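Enquirer: Okay, here's what each chain looks like letter by letter:
There are 2 protein chains.
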Amino acid sequence: MLPKTVPTAALLIIGNEILSGQTQDQNAHFLAQRLAVQGISLREYRTIPDDEEAIIEALNALRQKYTYVFTTGGIGPTHDDITVRAVARAFNRKIERNPKVEAAFISVYPDINSKDDPRLRMADMPEGAALIANSISTAPGFQVENVFVLAGVPDIMQGMFNNLVPQLQKGPLLFTRIVFCKIFESRIAIKLESIQNAYPDVEIGSYPSWKQEEEQGVKLVFKGFNAGEVEKAFEELIKYAHESAISTRTL
Amino acid sequence: MLPKTVPTAALLIIGNEILSGQTQDQNAHFLAQRLAVQGISLREYRTIPDDEEAIIEALNALRQKYTYVFTTGGIGPTHDDITVRAVARAFNRKIERNPKVEAAFISVYPDINSKDDPRLRMADMPEGAALIANSISTAPGFQVENVFVLAGVPDIMQGMFNNLVPQLQKGPLLFTRIVFCKIFESRIAIKLESIQNAYPDVEIGSYPSWKQEEEQGVKLVFKGFNAGEVEKAFEELIKYAHESAISTRTL
Chain A
1 MLPKTVPTAA LLIIGNEILS GQTQDQNAHF LAQRLAVQGI SLREYRTIPD
51 DEEAIIEALN ALRQKYTYVF TTGGIGPTHD DITVRAVARA FNRKIERNPK
101 VEAAFISVYP DINSKDDPRL RMADMPEGAA LIANSISTAP GFQVENVFVL
151 AGVPDIMQGM FNNLVPQLQK GPLLFTRIVF CKIFESRIAI KLESIQNAYP
201 DVEIGSYPSW KQEEEQGVKL VFKGFNAGEV EKAFEELIKY AHESAISTRT
251 L
Chain B
1 MLPKTVPTAA LLIIGNEILS GQTQDQNAHF LAQRLAVQGI SLREYRTIPD
51 DEEAIIEALN ALRQKYTYVF TTGGIGPTHD DITVRAVARA FNRKIERNPK
101 VEAAFISVYP DINSKDDPRL RMADMPEGAA LIANSISTAP GFQVENVFVL
151 AGVPDIMQGM FNNLVPQLQK GPLLFTRIVF CKIFESRIAI KLESIQNAYP
201 DVEIGSYPSW KQEEEQGVKL VFKGFNAGEV EKAFEELIKY AHESAISTRT
251 L
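One line per chain: the protein sequences are A and B, in this order. End of the first sequence = 251 in full-length UniProt numbering, gap-free, step of one. End of the second sequence = 251 in full-length UniProt numbering, gap-free, step of one.
Worth flagging that the hints you see were computed from the coordinates, not collected in a lab. A few of these clues could be false.
What the hints assert, rightly or not - Sample of chain B residues at the chain A side, in silico, Cβ under 10 Å: (1) D25; (2) A36; (3) D80; (4) D81; (5) F184.
To be verified - FRET-style restraints, in silico, Cβ to Cβ: (6) B:S114 <-> A:S247: 41 to 49 Å; (7) B:E235 <-> A:P172: 55 to 63 Å; (8) A:A130 <-> B:P3: 35 to 43 Å.
Computed from a predicted structure; not experimentally measured. Note that the Cβ used here is the ideal one computed from N, Cα and C, for glycine as well.
One chain only, chain A, in its complex shape (with noise of 0.2 Å):
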């Protein structure tokens, strides 16, 4: 059970160039891994299609369930960059231009003669938004209410996260304690279930390696917020494996 000061998210990645398998993406797996040092509980990812109304949807679902939801992709300048307009129907928002985006474009790019010109279309928001600094290109993020709109270029969101993170709630950090042990996962599954039922706030996970090149055995982990506990499930485990002449690497 997940203690109730611990803040939750959830992430909305968007975009078509991931569906179709052409991009591979890597902006949940960093955020994941950012979130989880922050104490903060991922909770679910949603992957989606640059669509309208799928990212409403998506939207409305997780930012009613968790403490935030981050969303990355679809906030450049081209047509097929809808994600400002989805977020503003979402927060029922209308969408303004913001003048100090507006005006840090005008001061980099000269050459904007224009309100049309396509780089401004980066300076409309939702009303009421709050920027995001981008540490690489001009174009900001932004924040309405608990959720965090951040591009889709991983080098630019992740200046955007970092940029963010210290507004962020902290939670309580997980303690975890991991090893490996060459036998087949099957082979503990019994002691593991025991030690699972008598340690229920410690979440065990036990995950089988099986690929060819590596070596075949199975990673334990054992985590929760009390030290104390997870470190007395697991040395039961170490201690059983030890008795059971099972070889074990601690991670």
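With chain A held as given, fit chain B onto it using these hints.
Expert: Structure of chain B alone, referenced to chain A:
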């Protein structure tokens, strides 16, 4: 608009280890690519924890919306493998031990001498499930109605998917043209938009490349079921690029 003859799909990636950032999922990208080759349109994928209620909720939402649902993860012999139970509950079916799979396990592992052997848990399936052959290890995947339940270990999942491909309904293939333009995408946004408006059945995607070590510019992807339309839209862009002295490289 997707023609009605195009089968659709969703993925349900099940695994705490992915949400915690411990493991980077490889299965979604593999399946996205393989489904595209079959003419099956992947419409979304969700990554969720090893949580029975979360699996049931997602499964019931997705299986009613799409032609096919593919799940990965959670079908091993340990306590944290709960996908079978969740699938059975989602379809309101009992779990039964499959005699064919049980016999296969006993023949491969002659030391199995009890019905309680954890390896035999992998012979437990929702009643009426059809088996999906496993080319690497003994435990098969299975199918219930339009839901295909696959292993989480990538090598095993891939073998299972290859074995089930012949029974999938195939759709028309998307015709694709790709060009890299050495220019910021905002500089081509207006032309792209006018081409998109002229060819509404062609999906035009614009993907800027921003990585420091890579050539900066934009990858433009034209896709559609009507090859002639895709070709015409693409040629219009190429013509514009040449007139505007934009350096291009078709990919």
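Enquirer: Hints first: check each against the structure and report whether it holds.
Expert: Structure-based check of each hint:
no., hint, in the structure
1, D25, "8 Å, holds"
2, A36, "5 Å, holds"
3, D80, "6 Å, holds"
4, D81, "8 Å, holds"
5, F184, "8 Å, holds"
6, B:S114 <-> A:S247: 41 to 49 Å, "25 Å, violated"
7, B:E235 <-> A:P172: 55 to 63 Å, "58 Å, holds"
8, A:A130 <-> B:P3: 35 to 43 Å, "42 Å, holds"
Hint compliance for this structure: hint 6 alone is broken.
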